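Each chain, letter by letter, is given below.
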Amino acid sequence: MKLDSKIPSGPLAEKWTRHKFNVKLVNPANKRKYEIIVVGTGLAGASAAASLAELGYNVKAFCFQDSPRRAHSIAAQGGINAAKNYQNDGDSVFRLFYDTIKGGDYRSREGNVYRLAEVSVNIIDQCVAQGVPFAREYGGLLANRSFGGAQVSRTFYARGQTGQQLLLGAYSALSRQVANGKVKLYPRTEMMDVVVVDGKARGIITRNLVTGAVESHSAHAVLLCTGGYGNVFFLSTNAMGSNVTAAWRAHKKGAFFSNPCYTQIHPTCIPVSGDHQSKLTLMSESLRNDGRVWVPKTKAIAEKLRKREIAPKGIKEEDRDYYLETKYPSFGNLVPRDVASRNAKYVCDEGRGVNETGEAVFLDFRDAILRDGEDAVRGKYGNLFDMYEKITGENPYKTPMMIYPAVHYTMGGLWVDYNLMTTVPGLYALGEANFSDHGANRLGASALMQGLADGYFVAPYTVGDYLAGLPYDKIPEDHPEFRKAEETVKSRIQQLLGIKGSKTVDHFHKKLGKIMWNHCGMARNAAGLTKAKEMIRTLKEEFWSDVKVLGTGEELNLSLEKAHRVADFLELGELMIDDALHRNESCGGHFRDEYQTPEGEALRDDENFAYVAAWEYLGEGKEEALHKEELVFENVKLTQRSYK
Amino acid sequence: MNLTLKVWRQKNPSDKGGFKTYTISGISSDMSFLEMLDVLNEDLSDKGEDPIHFDHDCREGICGMCSLYINGQPHGPQQTTTCQLHMRSFSDGDTITIEPWRASAFPILKDLVVDRSSFDRIIQAGGYISVNTGGVPDANEIPIPKVISDESFDAATCIGCGACVAACKNASAMLFVSAKISQLALLPQGKVEKRERAEKMVAQMDAEGFGACTNTGACAAECPKEIKLSNIARMNREYFSASLSTENV
Ligand SMILES: Cc1cc2nc3c(=O)[nH]c(=O)nc-3n(C[C@H](O)[C@H](O)[C@H](O)COP(=O)(O)OP(=O)(O)OC[C@H]3O[C@@H](n4cnc5c(N)ncnc54)[C@H](O)[C@@H]3O)c2cc1C
Ligand code: SF4
Ligand code: FES
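Respectively, the protein sequence lines represent chains A and B.
Position 101 of the first sequence, counting from 1, maps to 101 under our numbering, and the rest follow consecutively.
Here our numbering = 1-based position in the second sequence + 1000.
Be aware that a few hints might be false.
[What the hints assert, rightly or not] In silico DSS-like links for lysine-lysine, alpha-carbon gap of 27 Å or less:
1) A:K510 / B:K1047
2) A:K252 / A:K327
3) A:K540 / B:K1016
4) A:K252 / A:K490
5) A:K540 / A:K102
6) B:K1020 / A:K503
7) B:K1228 / A:K390
8) A:K637 / A:K102
9) B:K1016 / B:K1228
10) A:K252 / A:K637
11) A:K548 / B:K1169
12) A:K390 / A:K510
13) B:K1047 / A:K511
14) B:K1228 / A:K562
FYI, nobody ran anything at the bench for these hints, they're computed from the structure.
All figures in this text were calculated on a predicted structure; none of them were measured in a lab.
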């Protein structure tokens, strides 16, 4: 199968406008004859569901939380980018496009990224009209900040709660359409499968998480807005319920999965404190503006620290290694996320980690406090310091913070064309669930932008284009394909409940997470990946013969919910490893030890790997088939990153 | 530390339910309250007993999904969410009582899990500004004084957890409803519909079976996001001016 990205022809800046003119329209009176399923109510899903309903389509919206307002998007802190150039500092659509392509290490499509930058400005207008209280200046206009190393101030924010405010805006638009009768909500409902009839996505199978009922929903198009798969690592900054199940089931029904190995590891998270740990908490990246990262120069001193024989304060200046400042004199502590993360790993691998687990480095504000005073530091970071103290019980004004990298975002996802359609006609993927705009690495404050761009401004056009060519009749929910899919879901539930093994679901999830983190995390190599693949296969067999899932299928059953998700993570883990193993280069969030410059930086191979990897599922136990979508760069020149 | 937990167990909405006592040991003070329950659940699962069901997702204090009534206080002894409560707030040998939110508008589904969809229906009744996607003015077209915008933001930080209802002896939802009404009424964009909005949201709140507000302030004292009582006063103003204006018609 030849992958057709359907990027419109013509100059970069005119592609989207032309495309919008060329798409087919559905007559307003006929829109109500179409039914659209939107799975997920995060930024991507809520904005898509609301916008499509406003146009007149009938929408069914699904989420596994008890309310659409609780989707994982709610947790985003830092902000959202938009090329408004309100600060007159030289920003433009082209600059945002350029930064995103470069930040993604030249592994994304020019056409998609340009459109993202172009509609970014509409997002801010939309959110303000909905009542999103973005930060403002005293003059009453919107405030901006520079974020994640960007050279312009293009990030809009709502204190440290930008995701919450944006999501509540989209949720209110969605709620309005529920009141209008155009959206029907299905909270506490998990999508278990996609139903494909005559080659087109025609509905989904769900499980009601309260009653356990397995149900069919027929529609004319299905939009998956189900978020990222970072929880394959067990520990991540994602919400506990974030999962790959919806995307994975779609993958097994024919949707190609792209670049699964591209994972973003965020450098400033609170370190793991013990085996009981259930998730990791992100500390804003802005802390690196004033905090200095260091570890002791020698293993011996680090050991004493770990045994608490000495305090960090007692370590003399000449015994401290400010490794980022030494190694990258011009960027220092502000090197990009992947560089900061990798270097933390290196010093800890050398045995110089500073907490009991040996996996933490210091982020020290001593010098900032001496220079600017404690009040100034409190003014900038007070809420973050409080949060840190609440979680760790340590006061960062008195003793340096400890941080360590953690899995944060997944750039890979379902392959989609310019219309956000997967390889299954009528099946779309929006937001973090698709692979489309961030290449091998995502810039800070760009995920919120992409989710809302997809939902408010792209899907409403492109889904209409597809529906315009489709008859109104709905496939009845007792169609053999629905029946068959329901039976498969039910028998899988019975299978999981029937194993009655000896180990809990979390036991397997933790083990999988460890394998992924050790061998497919911040740095990977062929030997480790090959070993990990075997380990996952063994773990998968063990899971299907020895997992213990208590209770029944006909009730609220948390261990059953988790068992489904972990079973899918086990399969995804293997594909991530295949993808990481085949990509013989380093780029963005994918760092292969074998491919680095003499200075230890990621070494791309544009000649052989400037493509999107799209994997096709071929059946149980079979290796997946690799398809390549070559990336064409007509507007930017590929360069090697350097932060020296 | 070693603890005794008295936990509300209820199989389903129609089951009568009751407390069950568990003992748990080896809890570190670094654990969050929910991680302590994770440990207990792993123990229970190992023994073949049904784990305790409770709601949670972000574990960062922002999604509003966690909801435990701990030793007679919603979200426990600190003014924070249950997921941000750490075991260092307790001492070795403590007995901790854990119950679900209790309110007729929040029916219990299982163990500690309640149905808060009544909150969603209140928002659906009018908790929005009626704009469609597209065709809106430039974001900087309407300047909004920073103090107003900040006040609106303070109200907008409500996470919809329902602790205010659980804290109130009347199970009133006034703090939650007033936070949304205030956020939107303060902003120029939201002023247009403010009367109608207040009227519709209050009507829905009553229809859902939430109790009346008798100004005890227990809600604000327990709210993890420090939503202020002054929102309730503002809402009453919007509401009474709404009912006055309709009576005039
Ligand atoms: C701590 C943190 C901070 C962040 N900060 C920023 C930031 O400052 N700026 C930025 O741009 N990005 C940030 N990000 C990234 C960003 O928040 C996410 O990428 C983005 O919100 C994802 O949105 P989404 O709509 O694609 O998916 P989500 O918000 O994850 O929503 C997924 C939805 O799908 C539903 N769902 C999933 N699976 C199923 C299923 N099987 N059945 C039914 N429903 C299902 C869920 O219920 C949910 O409604 C941050 C991420 C984290 C973890
Ligand atoms: S007002 Fe406070 S207690 Fe009530 S729902 Fe909102 S955040 Fe929770
Ligand atoms: S789990 Fe999200 S607020 Fe507690």
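Consistency of the hints with the structure:
1. A:K510 / B:K1047: Roughly 20 Å separates the two Cα atoms, so the pair holds.
2. A:K252 / A:K327: Violated, at roughly 45 Å.
3. A:K540 / B:K1016: violated, 40 Å
4. A:K252 / A:K490: Holds. A:K252 to A:K490 sits at ~17 Å (cutoff 27 Å).
5. A:K540 / A:K102: Given pair A:K540, A:K102 is violated - Cα atoms ~38 Å apart, limit 27 Å.
6. B:K1020 / A:K503: holds, 24 Å
7. B:K1228 / A:K390: holds, 22 Å
8. A:K637 / A:K102: holds, 9 Å
9. B:K1016 / B:K1228: violated, 36 Å
10. A:K252 / A:K637: violated, 37 Å
11. A:K548 / B:K1169: violated, 42 Å
12. A:K390 / A:K510: holds, 25 Å
13. B:K1047 / A:K511: holds, 21 Å
14. B:K1228 / A:K562: Violated, at about 38 Å.
Hint compliance for this structure: hints 2, 3, 5, 9, 10, 11 and 14 are broken, all remaining hints hold.
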